[in-house]
Amino acid sequence: MDPIYSRIASNKRRTFFFFLLYAVLFAVIGYLVGIYMGEPIIGFILAALVFIVIFLISYFGGRGVVTSMAGAREVTKQQEPFLYNTVEGLSIAAGKPMPKIYIIESEVPNAFAAGRNPEKAIIAVTRGLMNRLNRQELEGVIAHEMAHIANYDVLLATVAVVLAGTIVFLGVIARRMIFFGGMGRSRSSKGGHGQLIAIAIMIVIGILAPIFAQLLKFAISRQREYLADATAADFTGYPEGLASALEKITDMQVPKSSIENSALNGLYIVNPAIGLKSANRAAVLFSTHPPAAERIKRLRAM
Amino acid sequence: MRTRGGFNLEINYILPAILILIAAFIVYTYNRLIGLRNTADTAYANIDTLLQKRFDLVPNLVNTVKGYMKHERKLLEEITKARTDWMKASTIQENAGADDIATKALKTLFAVSENYPDLKANQNFMMLQEELVGLENKIAYARQRYNRTILILNMVIQKVPSNLVAQLFKFKTREFFEVESDQVRSVPNVDIQGGDNQ
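Keeping their order, the protein sequence lines are chains A and B.
FYI, the numbering for the first sequence is 1 to 302, going by the working numbering.
FYI, the numbering for the second sequence is 1 to 198, going by the working numbering.
Hints are not guaranteed to be accurate.
[Claimed, not checked] Below are the DSSO-like pairs computed for lysine-lysine, each with C-alpha atoms no more than 30 Å apart in a straight line:
| # | chain 1 | residue 1 | chain 2 | residue 2 |
| --- | --- | --- | --- | --- |
| 1 | A | Lys96 | A | Lys12 |
| 2 | B | Lys66 | B | Lys81 |
| 3 | B | Lys159 | B | Lys170 |
| 4 | B | Lys88 | B | Lys70 |
| 5 | A | Lys256 | A | Lys297 |
| 6 | A | Lys96 | A | Lys297 |
| 7 | A | Lys96 | B | Lys53 |
| 8 | B | Lys88 | B | Lys74 |
| 9 | A | Lys120 | A | Lys100 |
| 10 | A | Lys77 | B | Lys66 |
| 11 | A | Lys256 | A | Lys100 |
| 12 | A | Lys100 | B | Lys53 |
| 13 | B | Lys70 | B | Lys53 |
| 14 | A | Lys77 | B | Lys120 |
| 15 | B | Lys53 | B | Lys88 |
| 16 | A | Lys100 | A | Lys12 |
| 17 | A | Lys96 | B | Lys159 |
| 18 | A | Lys96 | B | Lys172 |
| 19 | A | Lys77 | B | Lys53 |
| 20 | B | Lys53 | B | Lys81 |
| 21 | A | Lys120 | B | Lys53 |
| 22 | B | Lys66 | B | Lys88 |
| 23 | A | Lys12 | A | Lys120 |
| 24 | A | Lys248 | A | Lys96 |
In case anyone wonders, no lab produced these hints; they're calculated from the structure.
Given the sequences, and given the hints that come with them, work out the whole structure.
Structure, rendered in structure tokens:
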């Protein structure tokens with residue numbers, strides 16, 4: 001019992017440091033943008049405001065952002081009794097409240113959990129997962145997601161996804177600013193100034209993108225995946241269910257599938273981008289998840 | 001004078017320190033026991049709610065199945081009896097006993113239903129089967145959670161030195177919710193294999 005409490009405490013600490021790092025990065029961006037605008041302090045204040053807004057959105061609305069990014073829709077017990085019963089069973093095993101259930105209409109099997117605490121958690125699975133896995137395998141996957149919820153992994157993962165998504169979004173805006181801003185304002189006297197700011201933001205975001213990728217890795221660590229696998233095996237009492245599910249899911253990921261999304265990939269039980277890079281050794285090194293083969297081996301050794 | 005003063009000083013610090021440590025240990029253990037007891041109560045209530053849900057479905061199931069399964073009267077009687085047993089049960093053992101009988105009988109019923117294609121095609125039966133199999137799983141998980149909590153609770157109550165605190169506040173060890181059918185839990189499926197474990 002006690003190791004789990006210390007794990008939860010360490011997860012909460014990580015979340016705090018994650019936010020701290022994020023705040024510092026934002027302050028730096030604001031300051032840099034401010035310098036280009038000629039008022040570093042205003043840039044700093046703006047960045048602080050943006051940070052507070054994003055923090056509130058990801059903390060209170062992260063679940064909604066994540067599910068809409070994934071194209072997931074909520075289902076009721078009447079619509080999916082089999083899935084509902086499975087999730088309810090494992091919420092009982094974990095001693096946690098029943099999470100909301102979402103379905104992603106994709107034939108690629110995969111699943112994730114999100115939310116800021118066990119009371120506000122959701123589990124999303126793809127249609128393909130339900131169609132291709134048998135009951136024990138589905139139980140294994142749901143147990144893995146329930147373990148993430150019980151260990152408070154979901155808070156950090158959800159927040160990380162929203163923050164990463166924000167950066168991606170800012171990048172798109174910055175690109176548009178350069179493109180359209182440059183075209184539309186070329187005749188006005190301020191055009192050059194605006195373009196300069198846009199270029200500055202672009203450069204800053206260009207530099208920050210890889211840093212955020214690292215942060216995501218830090219947030220959704222491999223150790224957590226192993227722990228969630230072990231906890232899942234403990235909940236179901238049947239590690240083979242999850243092992244064989246991981247095998248199937250890994251085999252069935254396809255390159256550029258509809259569920260692939262650079263901000264969301266780390267959230268899924270098996271990284272959807274794995275189909276694309278499985279042959280690449282570097283992909284294993286930089287992946288948020290441990291290689292599936294290693295996870296399966298550990299599960300089968302239990 | 002000086003040595004006596006030094007000695008007194010040490011006593012002045014050490015004695016309160018030891019008392020504080022003991023008090024802290026008592027508070028910690030007491031809170032832990034209360035937490036475990038509450039978790040156990042919740043887990044037990046959970047089993048009870050789920051058993052209630054399952055036995056509420058039994059009359060409906062028996063009615064649906066009766067018309068199709070002419071040769072399985074004994075099986076249906078057994079399920080009905082498990083329900084009456086459970087309604088009369090007051091101890092954990094009696095509850096577990098009724099649960100065990102119902103679990104096994106339902107497993108057999110669903111296995112046997114394979115021989116009745118008409119029944120298997122019945123919409124009502126299909127819904128009941130999904131619901132009952134789901135409930136079986138949930139009950140098994142609820143039992144597992146209860147039993148694990150009891151395992152820790154009993155350990156804290158019996159082990160030295162926490163047993164002293166438990167005795168001081170009269171905490172009692174509790175019974176496990178034991179059913180034979182749990183031994184086949186690893187494969188929570190409606191499967192004929194379940195019948196082997198008699």
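The hints, checked one at a time:
Taking the CA atoms of Lys96 of chain A and Lys12 of chain A, the gap is near 18 Å; set against the 30 Å cutoff, the hint holds. Proposed proximity of Lys66 of chain B and Lys81 of chain B is supported: the alpha carbons are some 15 Å apart, at most 30 Å. Of the pairs offered as hints, the one joining Lys159 of chain B and Lys170 of chain B holds, with about 14 Å between alpha carbons and a cut-off of 30 Å not exceeded. Straight-line distance between C-alpha atoms of Lys88 of chain B and Lys70 of chain B comes to about 29 Å, which keeps the hinted pair within the 30 Å bound.
Using a Cα cut-off of 30 Å, the hinted pair Lys256 of chain A and Lys297 of chain A holds, with the two alpha carbons roughly 27 Å apart. A threshold of 30 Å between alpha carbons decides the hint, and for Lys96 of chain A with Lys297 of chain A the separation of about 28 Å falls inside it, so the pair holds. For a cut-off of 30 Å, the pair hint linking Lys96 of chain A to Lys53 of chain B stands: about 19 Å separates their Cα positions. About 21 Å separates the Cα atoms of Lys88 of chain B and Lys74 of chain B, which keeps this hinted pair within 30 Å; it holds.
With a C-alpha separation of about 8 Å, the suggested pairing of Lys120 of chain A with Lys100 of chain A holds against the 30 Å cut-off. Only pairs whose Cα atoms come within 30 Å are accepted, and Lys77 of chain A paired with Lys66 of chain B is accepted, the gap being roughly 28 Å. Annotation: proposed proximity of Lys256 of chain A to Lys100 of chain A holds, straight-line Cα distance about 28 Å (limit 30 Å). A C-alpha spacing of about 21 Å is found between Lys100 of chain A and Lys53 of chain B, which places the hinted pair at or below 30 Å, so the restraint holds.
For a cut-off of 30 Å, the pair hint linking Lys70 of chain B to Lys53 of chain B stands: about 26 Å separates their Cα positions. With a CA separation close to 22 Å, the supplied pair Lys77 of chain A and Lys120 of chain B stays within the 30 Å bound. Pair hint Lys53 of chain B plus Lys88 of chain B holds up; C-alpha atoms about 16 Å apart against a cutoff of 30 Å. Restraint check for Lys100 of chain A and Lys12 of chain A: the C-alpha separation of about 23 Å stays at or below 30 Å, so the hint holds.
Of the supplied pair hints, the one linking Lys96 of chain A and Lys159 of chain B holds, its CA atoms being roughly 28 Å apart against a limit of 30 Å. A threshold of 30 Å between alpha carbons decides the hint, and for Lys96 of chain A with Lys172 of chain B the separation of about 26 Å falls inside it, so the pair holds. This hinted pair checks out: Lys77 of chain A and Lys53 of chain B have alpha carbons roughly 15 Å apart, not beyond 30 Å. The suggested pairing of Lys53 of chain B with Lys81 of chain B holds, with an alpha-carbon distance near 16 Å, which does not exceed 30 Å.
With a C-alpha separation of about 25 Å, the suggested pairing of Lys120 of chain A with Lys53 of chain B holds against the 30 Å cut-off. For the given pair, Lys66 of chain B sits about 25 Å from Lys88 of chain B by alpha-carbon distance, which is consistent with the 30 Å threshold. Taken as a hint, the Lys12 of chain A and Lys120 of chain A pair is honoured in the structure, with Cα atoms around 16 Å apart against an allowance of 30 Å. Taking the CA atoms of Lys248 of chain A and Lys96 of chain A, the gap is about 28 Å. The hint holds against a cut of 30 Å.
Violation of the numbered hints given earlier is absent; every hint is satisfied by the structure.
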